[in-house]
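According to my numbering, the sequence shown is numbered sequentially starting from 137.
Don't take every hint at face value.
Here are the simulated DSBU-like pairs of lysine-lysine, each with C-alpha atoms no more than 30 Å apart in a straight line [unchecked claim]:
id, residue 1, residue 2
1, K157, K229
2, K231, K274
3, K157, K240
4, K157, K231
5, K201, K231
6, K229, K240
7, K274, K179
8, K201, K157
9, K229, K274
DEER-style ranges, computed between Cβ atoms [claimed, not checked]:
id, residue 1, residue 2, range
10, T234, T176, 30 to 38 Å
11, A246, A162, 30 to 38 Å
12, K274, H194, 20 to 28 Å
13, A253, E222, 19 to 27 Å
14, N236, G180, 23 to 31 Å
Honestly, the hints are just simulated from the structure, not real lab data. All C-beta atoms, glycine included, are put in the ideal place defined by N, C-alpha and C.
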Amino acid sequence: MYLAVVIDLYSRRIVGWHLDKQMETALASRALMMAVNLRTSPKGLLHHSDRGSQYASHTYQALLKQYGMVCSMSCNGNCWDNAPTERFFSSLKRKWLTGNFYPKREDAIADVRAYIAYYNSRRIHTTLGDVAPIEFEKCA
Numbered sequence: 137m138y139l140a141v142v143i144d145l146y147s148r149r150i151v152g153w154h155l156d157k158q159m160e161t162a163l164a165s166r167a168l169m170m171a172v173n174l175r176t177s178p179k180g181l182l183h184h185s186d187r188g189s190q191y192a193s194h195t196y197q198a199l200l201k202q203y204g205m206v207c208s209m210s211c212n213g214n215c216w217d218n219a220p221t222e223r224f225f226s227s228l229k230r231k232w233l234t235g236n237f238y239p240k241r242e243d244a245i246a247d248v249r250a251y252i253a254y255y256n257s258r259r260i261h262t263t264l265g266d267v268a269p270i271e272f273e274k275c276a
């Protein structure tokens with residue numbers, strides 16, 4: 137299973153995500169559309185990603201353009217350019233999914249959904265003054 141996420145860098149909130157069997161443009165596009173639907177006014181926003189083929193595809197780039205987003209991509213081989221996303225995946229793997237096996241796709245989706253709910257509402261971030269992303273947004 138593959139997971140694509142869209143993180144609001146200001147609040148560190150996961151605003152879009154999608155889990156699927158294949159790492160394709162549709163996976164990233166569905167995560168982006170969830171973010172667009174949550175935030176409603178993406179025009180002029182900077183969208184940063186790694187250089188994965190799903191993000192560099194003509195289809196995905198057209199979607200960014202359709203919503204007026206500005207594309208930014210990491211330098212080749214530089215994981216530090218995408219540190220908040222790398223950190224999210226590291227936490228997910230080390231603290232939540234360690235040794236988990238999912239007999240059904242729905243079980244994996246439910247567990248990832250639970251982690252994202254925890255991450256957004258209860259996981260504190262030192263960069264946010266030791267509050268969770270949703271709490272940080274309420275105070276902004």
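Hint-by-hint comparison with the structure:
| no. | hint | in the structure |
| --- | --- | --- |
| 1 | K157 x K229 | holds (17 Å) |
| 2 | K231 x K274 | holds (26 Å) |
| 3 | K157 x K240 | holds (12 Å) |
| 4 | K157 x K231 | holds (22 Å) |
| 5 | K201 x K231 | violated (36 Å) |
| 6 | K229 x K240 | holds (18 Å) |
| 7 | K274 x K179 | holds (22 Å) |
| 8 | K201 x K157 | holds (27 Å) |
| 9 | K229 x K274 | holds (28 Å) |
| 10 | T234 x T176: 30 to 38 Å | holds (36 Å) |
| 11 | A246 x A162: 30 to 38 Å | violated (21 Å) |
| 12 | K274 x H194: 20 to 28 Å | violated (38 Å) |
| 13 | A253 x E222: 19 to 27 Å | holds (21 Å) |
| 14 | N236 x G180: 23 to 31 Å | violated (39 Å) |
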